[in-house]
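Chemist: The hints should help you fit chain G onto chain L, whose structure is shown.
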Amino acid sequence: MSARASFRTEPMTDREKKEARDALLFLSPWLAGFVLFTAGPILFSLYLSFCRWDVIRPIQWIGLANYQQMFSDRLLLVSLKNTIFYAALYIPLSLVVALSLAMLLNQKVKGIGLFRTLFYLPTLTQGVATFTLWSLIFDPETGLLNRGLRTVIPNPPGWLLDPAWSKPALVLMALWSVGGTMLIFLAGLKNIPADLYEAANIDGAKPWTQFWRVTLPMLSPTIFFNVIMGTIGAFQVFAAAFVLTSGGPSNSTLFYVYYLFNRAFVYFNMGYASAMAWLLFAIVLVLTVIQMRISQKWVHYG
Amino acid sequence: MPAAALRPRPEGVAGRTVSRRRKPFLRSLLPYVALITLSVLFALPFIWMLGTSLTPADLVLDRSRPLFPSRLAWGNYVEAMTVLPFGTFLKNTLLVAVLCMIGQSLSAASVAFAFARLKFPHRDKLFLLVLATMMLPPQVTMIPTFVLWTLPGWVDSLKPLIIPSFFGGGAFFIFLLRQFFLTIPTELEDAARLDGCTSWGIFRHVALPLSKPAVTTVALFSFIGHWNDFLGPLIYTQSMEKKTLAVGLTAFKSLHGTEYHLLMAASVVVLLPILVIFFCAQRYFVEGVVTSGVKG
Numbered sequence: 001m002s003a004r005a006s007f008r009t010e011p012m013t014d015r016e017k018k019e020a021r022d023a024l025l026f027l028s029p030w031l032a033g034f035v036l037f038t039a040g041p042i043l044f045s046l047y048l049s050f051c052r053w054d055v056i057r058p059i060q061w062i063g064l065a066n067y068q069q070m071f072s073d074r075l076l077l078v079s080l081k082n083t084i085f086y087a088a089l090y091i092p093l094s095l096v097v098a099l100s101l102a103m104l105l106n107q108k109v110k111g112i113g114l115f116r117t118l119f120y121l122p123t124l125t126q127g128v129a130t131f132t133l134w135s136l137i138f139d140p141e142t143g144l145l146n147r148g149l150r151t152v153i154p155n156p157p158g159w160l161l162d163p164a165w166s167k168p169a170l171v172l173m174a175l176w177s178v179g180g181t182m183l184i185f186l187a188g189l190k191n192i193p194a195d196l197y198e199a200a201n202i203d204g205a206k207p208w209t210q211f212w213r214v215t216l217p218m219l220s221p222t223i224f225f226n227v228i229m230g231t232i233g234a235f236q237v238f239a240a241a242f243v244l245t246s247g248g249p250s251n252s253t254l255f256y257v258y259y260l261f262n263r264a265f266v267y268f269n270m271g272y273a274s275a276m277a278w279l280l281f282a283i284v285l286v287l288t289v290i291q292m293r294i295s296q297k298w299v300h301y302g
Numbered sequence: 001m002p003a004a005a006l007r008p009r010p011e012g013v014a015g016r017t018v019s020r021r022r023k024p025f026l027r028s029l030l031p032y033v034a035l036i037t038l039s040v041l042f043a044l045p046f047i048w049m050l051g052t053s054l055t056p057a058d059l060v061l062d063r064s065r066p067l068f069p070s071r072l073a074w075g076n077y078v079e080a081m082t083v084l085p086f087g088t089f090l091k092n093t094l095l096v097a098v099l100c101m102i103g104q105s106l107s108a109a110s111v112a113f114a115f116a117r118l119k120f121p122h123r124d125k126l127f128l129l130v131l132a133t134m135m136l137p138p139q140v141t142m143i144p145t146f147v148l149w150t151l152p153g154w155v156d157s158l159k160p161l162i163i164p165s166f167f168g169g170g171a172f173f174i175f176l177l178r179q180f181f182l183t184i185p186t187e188l189e190d191a192a193r194l195d196g197c198t199s200w201g202i203f204r205h206v207a208l209p210l211s212k213p214a215v216t217t218v219a220l221f222s223f224i225g226h227w228n229d230f231l232g233p234l235i236y237t238q239s240m241e242k243k244t245l246a247v248g249l250t251a252f253k254s255l256h257g258t259e260y261h262l263l264m265a266a267s268v269v270v271l272l273p274i275l276v277i278f279f280c281a282q283r284y285f286v287e288g289v290v291t292s293g294v295k296g
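Chains as they are written, first to last, in our numbering: chain L, 1 to 302; chain G, 1 to 296.
In isolation and in its complexed conformation, chain L is listed as follows (with noise of 0.2 Å):
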């Protein structure tokens, strides 16, 4: 990539000290911001979650004891499941729904820049002001979607006041902003080389075949960035459940972020709160280690 990348095993000459130096100012701002705002909280997160704290107290070493604790505690155990339950129904719809857009946009029809930015806003727009949007679609009574429904079904769901439809819900309002994926699937698309499809062409390869056999094994390395960035955004899901839900009905919105900043910023179980961060930080890197073993099975890097 870069030309000047190499290194040299003597000694540095005046010149590179200089470079060095310059480089050192350079960075500076991110060295500074580093052990300010990374490196030292992880230190002080770490030490916090063998510790008991309020915040007003002075902090308390307990051991294990938050750790321990977390095996016992049960609405960990349903946020944890609601997360769980979230991220299974998110990451596959996600991808699914993003690559059928990406390929709608890869064809070669006029004004495909304005479905392309139609595509994209809600993912920009995405906030406080599109959640207070969606409470009012997902109104079992006066709302757009069941007002919609109702045409083709009786009884439509109840979604947010329904403790089995609350997360299917969020996670209809998430595929709204699939934008970003898309868009990246897009960009994927249109670095598979056409010669691809005219070698399946001439094979007499049926479409349906060609997107098997060529467009999937090509975008392989696309799928498995998104398959990675979507784990982890669906771990964070937090403010769309604050804004509409409130972690309800009967805690069935209670994300995993979600009961960790209750256990922080309103009981201030600073220690406890913690912990589960560094739980939080250990399942998504199993899962992204996981994931990365079975990637070599499948992503075909051309």
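List time: in silico DSBU-like cross-link candidates among lysine-lysine, alpha-carbon distance up to 35 Å:
id	chain 1	residue 1	chain 2	residue 2
1	G	Lys159	G	Lys212
2	G	Lys212	L	Lys17
3	G	Lys212	L	Lys18
4	L	Lys297	G	Lys125
Derived DEER-like restraints, expressed as beta-carbon distance ranges:
id	chain 1	residue 1	chain 2	residue 2	range
5	G	Leu61	L	Tyr301	51 to 61 Å
6	G	Asp195	L	Leu31	28 to 38 Å
7	L	Arg293	G	Val83	48 to 58 Å
8	G	Met134	L	Ala32	11 to 21 Å
One-sided and incomplete, this derived list gives chain G residues near chain L with beta-carbon spacing under 10 Å:
id	residue
9	Leu35
10	Met135
11	Ile143
12	Ile224
13	Val268
14	Phe279
Treat the hints as calculated values from the structure; they're not laboratory data.
If you're wondering where the values come from, they're calculated on a predicted model, not measured in any experiment.
We put the beta carbon where it would ideally sit given N, CA and C, even for glycine.
Modeler: Using the frame of chain L, we list chain G on its own:
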């Protein structure tokens, strides 16, 4: 991939290469039908939002009200803007978003320049460390960082939301700008160095001017990211005078949860700047996402 195509084709699209002429007219309409149907589905929530924001209060809970009311209640906007101090929320949000935009673009550009353009020991290891910070869930550092801001007594102020932006700008933006700086030809830099240009001079007069599109992309993403940010203001602001639009709107929702027309009017106002920015500068967003996903 060897470039072995006999005739160059701009794009590879399944099933389109062989029989353009034999394709029936109706089948060529199919992509349009799909695209237009989906567009309606994607746009409908926004249309519903606008329609509800203009619906008179007495009609808003009507199960069969039309998308747009026959008489438009523009007064909803005036009422929504005056129930809560939206002017204050707007001022706070702008302050945070603009300062963070400046801080993140400048500091990420500076760090990215060092990684892309300067030689120093352990450069690649250090860059891996930058990328590794992306893996760390923000919840791990959230509590100690909160404690850190209590030390100077800056909780319930906008400082904790703004200051960190000036410290490196985050791994994602550093990565994006580094990728761009790497594409600048070395010849330009060598010529500038021969003319006696310092590293700072090259950054200021060669790298930055040539990277305007990338820096703009970072600036826009940063602005919108902070405009929409929820968790930060939720943790760090408590009093009404310090709230941003995102948390202010949440407060509004808990106070006036059933006054849908006011909620939607307020939401439209919060979304408006994003819509304007996006429609003026959409190519920067598209390119930014593509760079992060594919060239990574």
